[in-house]
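Work the whole structure out from these sequences, hints included.
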Amino acid sequence: MKDWTSPVYAFFDPTPTIEMNGDRHAHVFKCMSKGCKVKICHFLDKKDTCSTGNMCKHVKACWGEEILQTADQARNAEEVCGKIVKNFLGFQSLMKMGRPEYYIPSPSTVSRNVRLEYDGKLNFSTDGWTSPNHHTYIALLMHLEHKGIPLCIPLDIVEVPKSHTSKELAAAFKSILKNFGIREKVSI
1146 MKDWTSPVYA FFDPTPTIEM NGDRHAHVFK CMSKGCKVKI CHFLDKKDTC
1196 STGNMCKHVK ACWGEEILQT ADQARNAEEV CGKIVKNFLG FQSLMKMGRP
1246 EYYIPSPSTV SRNVRLEYDG KLNFSTDGWT SPNHHTYIAL LMHLEHKGIP
1296 LCIPLDIVEV PKSHTSKELA AAFKSILKNF GIREKVSI
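All residue numbers for the sequence shown refer to the working numbering, where the first residue is 1146 and numbers rise by one.
Simulated from the structure, these hints should not be mistaken for laboratory data. Some hints here could point you the wrong way.
Pairs of lysine-lysine residues, derived as DSSO-like cross-links and limited to a Cα-Cα distance of at most 27 Å, are as follows [claimed, not checked]:
1) 1266 - 1292
2) 1307 - 1266
3) 1319 - 1307
4) 1266 - 1330
5) 1202 - 1175
6) 1184 - 1202
7) 1205 - 1292
8) 1330 - 1312
9) 1192 - 1205
10) 1202 - 1192
11) 1191 - 1205
12) 1330 - 1319
13) 1266 - 1323
14) 1175 - 1192
15) 1184 - 1205
16) 1307 - 1292
17) 1330 - 1292
18) 1182 - 1205
19) 1175 - 1205
Label-pair restraints from in silico Cβ distances [what the hints assert, rightly or not]:
20) 1190 - 1160: 17 to 25 Å
21) 1191 - 1297: 45 to 53 Å
22) 1288 - 1169: 53 to 61 Å
23) 1162 - 1290: 50 to 58 Å
24) 1295 - 1331: 17 to 25 Å
25) 1160 - 1217: 17 to 25 Å
26) 1329 - 1291: 39 to 47 Å
27) 1286 - 1159: 27 to 35 Å
28) 1189 - 1295: 28 to 36 Å
29) 1266 - 1159: 38 to 46 Å
30) 1211 - 1189: 29 to 37 Å
31) 1307 - 1175: 34 to 42 Å
32) 1331 - 1280: 20 to 28 Å
For each residue, glycine too, the CB sits at the ideal point set by N, CA and C.
The structure is reproduced here in structure tokens:
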């Protein structure tokens, strides 16, 4: 397992199963995308047991090309898991529950579109609440006008483990703007 450092491993269960396929042993990696049942086999009797080609093809199809490209820029699977997979899974699951047919752009898509294609002012709104199990959250929405049409884009929902003081909310707001690469569009 120590040799499985490629960023693509972050999209699969970190502990693969070992299965027999006929008379051949294989490490079987299960995709972590919610609802995905795909398993990728690495047969142990081949020279390319550490090849990640099939994993990359699946991640591109299941998670999207932009997510895969972002992951490829990371140093290792641990960095990808901490910065991309966990955040994407939580937000995507929440958003897909209510509207499964909606396309959810990645943070890099939003960042690119806002920085390159939008010269106007950005406005933001937040909503904070405490869940029944005493976890505190804030949602951040971006508002803008494009070709005379007002748009509202939900950016993120994050847990704020400390109290909802102005200092903590400002730190969460600043972090979300940094993650989306649009911090320079806002004067703080």
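Among the hints numbered above, which are violated by the structure, and what are their numbers in rising order?
-> Of the numbered hints given earlier, those the structure breaks are 2, 7, 16, 26, 28, listed in rising order.
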